[in-house]
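Just so we're aligned, residue 12 is where the sequence shown starts under our numbering, counting upward by one.
Hints listed in this document are in silico derivations from the structure and should not be mistaken for laboratory results.
Virtual Cβ for every residue (Gly too), placed ideally from N, Cα, C.
Keep in mind that the hints are not guaranteed to be accurate.
To be verified - FRET-style restraints, in silico, Cβ to Cβ:
| no. | residue 1 | residue 2 | range |
| --- | --- | --- | --- |
| 1 | P75 | T42 | 44 to 54 angstroms |
| 2 | R38 | A63 | 28 to 38 angstroms |
| 3 | D14 | R38 | 29 to 39 angstroms |
| 4 | R60 | S39 | 18 to 28 angstroms |
| 5 | T42 | T15 | 15 to 25 angstroms |
| 6 | V74 | D17 | 19 to 29 angstroms |
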Amino acid sequence: MNDTIDRLDALRGELTLIRQQLTDEIRSYPTPIAGCDEQFNHLLCERRRVIAALGALAAEDFVPTP
12 MNDTIDRLDA LRGELTLIRQ QLTDEIRSYP TPIAGCDEQF NHLLCERRRV IAALGALAAE
72 DFVPTP
């Protein structure tokens, strides 16, 4: 059980680092940003996916009871 917890903690750390790297890259992206800028939109999409993964890891498991 502790091994699983350690792995989840490591995963959270990696995802947090990736989220920060994506945020930094988005922040330093050259302006102006066109609505059709595929690379910028891809960065935003990737950041949303990482944030969703972090949210899923933080969510409590629902265990239905009879």
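Checked hints:
1. The hinted window of 44 to 54 angstroms between P75 and T42 holds, with their beta carbons roughly 50 angstroms apart.
2. Between R38 and A63 the beta carbons are some 20 angstroms apart, a value that contradicts the proposed interval 28 to 38 angstroms.
3. Range check, D14 to R38: about 36 angstroms between beta-carbon atoms, so the 29 to 39 angstroms window is met.
4. Remark: the range hint 18 to 28 angstroms for R60 to S39 is upheld by a beta-carbon distance near 20 angstroms.
5. Separation of T42 from T15 is about 44 angstroms and departs from the stated range, judged on CB atoms against 15 to 25 angstroms.
6. Checking the proposed 19 to 29 angstroms range against V74 and D17 shows it holds: the Cβ atoms sit about 23 angstroms from each other.
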